[in-house]
Amino acid sequence: MLVSPLPVDVRHESDRGSIEISYPGRHLIYYRLAGHIDASLVPGLVKPTLHAMALHGHIDEFVDCTRMTGYDSIVRVRMVEYLRAAREHGSVLQHVLVGAKIVALGVWLAKLAAGGIEIYHDRAAFEAALGRALYPG
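Heads up: the sequence shown is residues 67 to 203, going by my numbering.
Worth flagging that the hints you see were computed from the coordinates, not collected in a lab.
Just so we're clear, the structure is a prediction, and the values are computed from it rather than from any experiment.
Where a beta carbon is used, it is the ideal one built from N, C-alpha and C, also for glycine.
Be aware that a few hints might be false.
To be verified - Quick list of simulated restraints, FRET-style, between CB atoms: (1) Tyr-89 with Thr-132: 25 to 33 Å; (2) Pro-202 with Ala-105: 33 to 41 Å; (3) Asp-81 with Pro-202: 22 to 30 Å; (4) Lys-167 with Gly-123: 17 to 25 Å; (5) Tyr-201 with Glu-147: 30 to 38 Å; (6) Arg-144 with Gly-203: 32 to 40 Å; (7) Ser-139 with Glu-79: 30 to 38 Å; (8) Arg-82 with Pro-202: 33 to 41 Å; (9) Asp-81 with Gly-197: 22 to 30 Å; (10) Ala-151 with Arg-189: 15 to 23 Å.
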């Protein structure tokens with residue numbers, strides 16, 4: 067079952083990269099990252115989840131990084147800080163689909179530092195997890 071691409075609800079851009087955000091379900095946020103993600107885009111990755119966690123307690127994030135080419139190192143640091151802080155107020159599980167090796171390495175390092183990240187190298191497995199989150203039971 068192919069459940070993405072989902073309609074884009076919000077888009078953030080910098081000179082080198084972009085984030086598209088979809089809200090397919092009450093406890094789900096779907097992010098599509100493209101290009102080079104810099105520090106100016108971090109609030110676009112953090113605020114939607116923190117807001118949703120305040121409302122619902124638990125959030126599943128699905129993050130498609132297959133169009134990402136790289137990121138500023140401070141982005142990984144900020145994301146680890148965010149994941150650790152978010153878990154003090156609720157629950158967040160990230161499902162991250164990776165493509166580029168540098169992106170996969172960064173996600174793997176964030177998983178080691180913060181936990182709570184499922185890494186996918188295969189779109190079908192990522193889509194299956196999204197389908198299970200959208201249609202539990």
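Verification of the supplied hints:
{"no.": "1", "hint": "Tyr-89 with Thr-132: 25 to 33 Å", "verdict": "violated, 20 Å"}
{"no.": "2", "hint": "Pro-202 with Ala-105: 33 to 41 Å", "verdict": "holds, 35 Å"}
{"no.": "3", "hint": "Asp-81 with Pro-202: 22 to 30 Å", "verdict": "violated, 40 Å"}
{"no.": "4", "hint": "Lys-167 with Gly-123: 17 to 25 Å", "verdict": "violated, 35 Å"}
{"no.": "5", "hint": "Tyr-201 with Glu-147: 30 to 38 Å", "verdict": "holds, 33 Å"}
{"no.": "6", "hint": "Arg-144 with Gly-203: 32 to 40 Å", "verdict": "holds, 36 Å"}
{"no.": "7", "hint": "Ser-139 with Glu-79: 30 to 38 Å", "verdict": "violated, 21 Å"}
{"no.": "8", "hint": "Arg-82 with Pro-202: 33 to 41 Å", "verdict": "holds, 37 Å"}
{"no.": "9", "hint": "Asp-81 with Gly-197: 22 to 30 Å", "verdict": "violated, 35 Å"}
{"no.": "10", "hint": "Ala-151 with Arg-189: 15 to 23 Å", "verdict": "violated, 30 Å"}
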